[in-house]
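Engineer: Listed in order, the protein sequences are those of chains P and W. Per our numbering, the first sequence starts with residue 1, numbered consecutively. Per our numbering, the second sequence starts with residue 1001, numbered consecutively.
These aren't lab readings, by the way, just hints derived from the structure by calculation. C-beta: ideal position from N, C-alpha, C; glycine also. Warning: the hint list may mix true and false statements.
[As the list claims (entries may be wrong)] Derived Cβ-Cβ restraints for the label pairs, each shown as a range:
hint: 1; chain 1: W; residue 1: 1070; chain 2: P; residue 2: 94; range: 54 to 60 Å
hint: 2; chain 1: W; residue 1: 1040; chain 2: P; residue 2: 9; range: 43 to 49 Å
hint: 3; chain 1: P; residue 1: 188; chain 2: W; residue 2: 1052; range: 39 to 45 Å
hint: 4; chain 1: W; residue 1: 1050; chain 2: P; residue 2: 110; range: 19 to 25 Å
hint: 5; chain 1: P; residue 1: 9; chain 2: W; residue 2: 1029; range: 45 to 51 Å
[As the list claims (entries may be wrong)] Covered stretches of chain W (chain P as the covering partner; in silico rule of three or more C-beta atoms under 8 Å from a C-beta of chain P):
hint: 6; stretch: 1118-1128
hint: 7; stretch: 1133-1146
hint: 8; stretch: 1182-1195
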Amino acid sequence: MLEVDIKVKRQDFSLVANFTAGQEVLGILGASGCGKSLTLKCIAGIETPDFGKIILDGRVLFDSEAGINLPPQLRRVGYLFQDYALFPHMTVRENLAVGIRDQDKELQLKNLVESFYLSGLEQRYPSELSGGQQQRTALARIFGSKPELLLLDEPLTALDDYLKSQVAAELAALLQKYSRTTLFVSHSRDEIYRFCDKIAVLADGELEPVRLKTAVFENPQTLAASRLTGCKNHSRLGQGRPGKVTALDWGGIELVVKCKLPALYAGIRAHDITLAEKLCADNIYEFEVVRVLEEVFSFVLLVRRPGFAGEDLRVEGPKEVWQDYAVAGKRVYLQLPPGKIFFLDA
Amino acid sequence: MDLSPLYISVKTALLATGLTFFLGVYAARYAQKLGRWQGVVDGVLTLPLVLPPTVIGFFLLLFLGRNSFCGRFLQYFNMNLVFSWEATVVAASVVAFPLVYRTARGAFEQVDENCIYAARTLGMSENEIFWRIIMPLARPGIVAGTILAFARALGEFGATIMLAGNIPGKTQTMATAVYSAVQAGDQETAFLWAAVIMVLAFLIVGVLNYWPESYYMQGRRRRHAGG
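Next comes chain W alone, as it looks inside the complex (with noise of 0.2 Å):
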């Protein structure tokens, strides 16, 4: 039994849900500063939400392919993305990025605006609000983001097919397996890779359910409980 996928999978998974929780936390922080160009900026950061992955897989082609500017550039290094393991980590970060950008930013924007100028009426510097108050605020936010996006990672099938091929060993990850087993036929390592993916996504949604609480949270629960 051939386990690599389980590792492509969640190697890739981990990598991709690391890059996406900077980026997206990032852009839901600029993208809150934007005045004229935020619908446009937000539309095109949510579209690969909206996107068949195909259309996704077939965009990062036309960019990162051969011919194109970026495959150029990369060649130059003597590096090709297509087809390669980090064509998995790139075309599951772009599926999973809205995730994390859109559940940061709704974060952001439940943030009491109060909290934020007392802050700086007390002298706190912006970096620091940011880090100390609007940060913590968010969290419940950010944290189920992060695990969205690392489960959609996790099961991402047509962008990733599409960059990265299915190529055993190499870029198969479970998703793949799976359709490659049912393809052969070979329908007890479909159930296989199935059940696993299954124990997972179990895995993902109990810790959705119970991490996100916060410390002052239970603090208000526990006054509920005591009054």
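Here chain P stands alone, though its shape is the one from the complex (with noise of 0.2 Å):
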């Protein structure tokens, strides 16, 4: 069990974030830049926090009034870099025994070596092996040293594509035997989504409170929640006729409105948008397609109400779907299923 509640200040940024993590891993979703890092750095003693406490299973790492700051050394936190940050000077083996503290250093380097499939590899330098021999031998680095609290920061951004998909399976298999607390980050909706069970969303260095990975991408709840979780459409809201508001970026359309209001914005994720016929039912309107973006499996449409300046809308779908209206200039008829949109605050 994680607990922490912190304040971070400096010059130009401030951090403020409170959350507790059982043995599950937790996803922070940010984007690049919001203080990601900075928040594990402060978990694992690298960073030092202005105000507040981070407990890990009732030790105390950090109380600023009862003036504690344990130094990392005596943390027992496992922090993967992006760049995993392996000694480049020296071989896996050396690598690998920098973590190990006990007695058995022999035994322990066997097991691990054989454990995440380094058997080969152990008298070569980093720059030797590839992105996912390198993460490999970073996390063996890590488990060596048995961290009571795993800390992934990044942990898939510094491999290509091809890798990518290889060494997050492995990555899977492994947080699933790691039966203790991790955090995951990321600016990744996708890896999020994989790997976290939970998820919190930090924008602007404020970290939204813990929610279930489900329950985030079904209903952000806020925009920049909605922005990192891939949805594109979002518009500003206004007064509408009773039951309906306005969307003032989308052509001034009004939506009927299902849930609690009031709320600054609207989003509809891409793919929720759909084909309609006529005029029959709820949020159906015609636009008119601006441009055309194919992709390998689908097009994107990105279409505006005709005689309207403001956003366009981005639908994507299916190209068997799509195909007859897949020409810039075409009139279309398109649902924005209630059920579908957010409602969102600032």
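Two chains, two frames, some hints: make the complex.
Structural biologist: What follows is the structure, encoded as structure tokens:
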């Protein structure tokens, strides 16, 4: 169990993080530069928060009021850096040996090498390893130090696409075996969704409450969370007729409201917008196709209300469905299904 | 032919290099940790690189001369620094110090922070981190700085002649021997010492080009050659 309640102030930046994590993989989703790494560094003891507490399994790692600030060496927190931070002048074997503090070093080394598939690579330098091998070495080194908490800082970002899926599968298997608290930090909603049970969104230095990952993706609640979960279409909202609101950035169309208000923004995912035949249901309007982007398996249509300026709505779907409409200038009836619209706070 | 300037020069340069190595590396490590005063300390420690050596010699005379506080302190133990062989070491060390200090500092700053952080989270003590991570990673820079310091100490003239003088067999180095020979119109001796100095200079440049390569860089090269 990890309990974090900290405030950090830097010259041009401040971070507020308040959360607890049990024996699970907690994802922290945020854009780059929003304070994700700083949060992890505070927990690992590399950076010092200005106020607050960090408690791991009842052990106080940091407490500004009591004046407790354990050095990183005593925290038993494993930190996987984005670039893995292997020691370039040491071989794989020497890198692994650094973390092992117990007596039976040889035996543990052997176990690590075997369980992380590093046999035959012991005498290589990090620069002689592939990206996946480097990550395995870094993880093995961390596990050699027997951490009580695992911090993963963008663990897949440094890998190219080809390696990514394979390494991701290995990492997922490893995390399943390691039954302690793990924080997984990433800017990628796909990685977060794949690896984590719960998610907290970090936007502008403020950590939103921890929620189940399905809940976050189904109802992001805030504009930042909605953007980070990959929603492409957002509009400011204005007053509408009773039971409706006006989407100011989408050519002033009126949307039927099915959840709590007041909300400041509406959002809808590109693949949730559907083709409609006629104006026979809620939230159906005529749009004009402005531009078409062809992806591998889908079309992306940028559409807007005829005669209105403002933001384009992004519609995405399988090629066979949208083929006939994937022409700039074409008019099309689209439905923004009421159940699929997010109503968001700032 | 009196070879004493060669011995004195090499002996002085070696000792001065040893001194500046430890002092320079130590200063570089602690200058990094100073907060607000870093700029001031950095300026003072770099000063000998910028000032003319005669000015350094002049300051050293002020600090260490017979009438200075330090000079009187030494006299109390019946010692005198000015015009002694030790003075050549002091002069060479002061002049060569910034070369080690600056290159070591640059090399320390180049060390990947994440490596240091990772070492901490893995439980390495700060001392261990310095000797097993920071020093090896900074080694190419520090070696280069030390060789430069040796070269500078070997060729030291201005501060040496002010503080230690130019006493044959005692404080006369190769650089000051050339000066004396030219003054006396002894072209042959001047050429000889000039030749010795040039040979040494070439050696130093050669070492500078080939030594600082460390094993992991060789490994990197091997990989590039193979891939």
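Engineer: A separate judgement is required for each hint: does it hold in the structure or not?
Structural biologist: Here is what the structure says about each hint:
Checking the proposed 54 to 60 Å range against residue 1070/W and residue 94/P shows it is violated: the Cβ atoms sit about 47 Å from each other. The hinted range of 43 to 49 Å is not satisfied by residue 1040/W and residue 9/P, whose Cβ atoms lie roughly 27 Å apart. Between residue 188/P and residue 1052/W, the C-beta spacing of about 59 Å breaks the proposed range 39 to 45 Å. At roughly 56 Å, the beta carbons of residue 1050/W and residue 110/P sit outside the given window of 19 to 25 Å.
A beta carbon spacing of about 28 Å between residue 9/P and residue 1029/W contradicts the range 45 to 51 Å that was offered as a hint. Three residues within the 8 Å Cβ limit are the bar, and the stretch 1118-1128 of chain W against chain P gives 8, so the coverage statement holds. As drawn, the stretch 1133-1146 of chain W meets chain P at 3 residues by the rule of a beta-carbon pair under 8 Å; at three or more, the given contact holds. Chain P is given as covering the stretch 1182-1195 of chain W, and this is violated because 0 residues of the stretch bring a CB closer than 8 Å to a CB of that chain, at least three being needed.
Figure legend: structure checked against the earlier numbered hints; hints not met, in rising order: 1, 2, 3, 4, 5 and 8.
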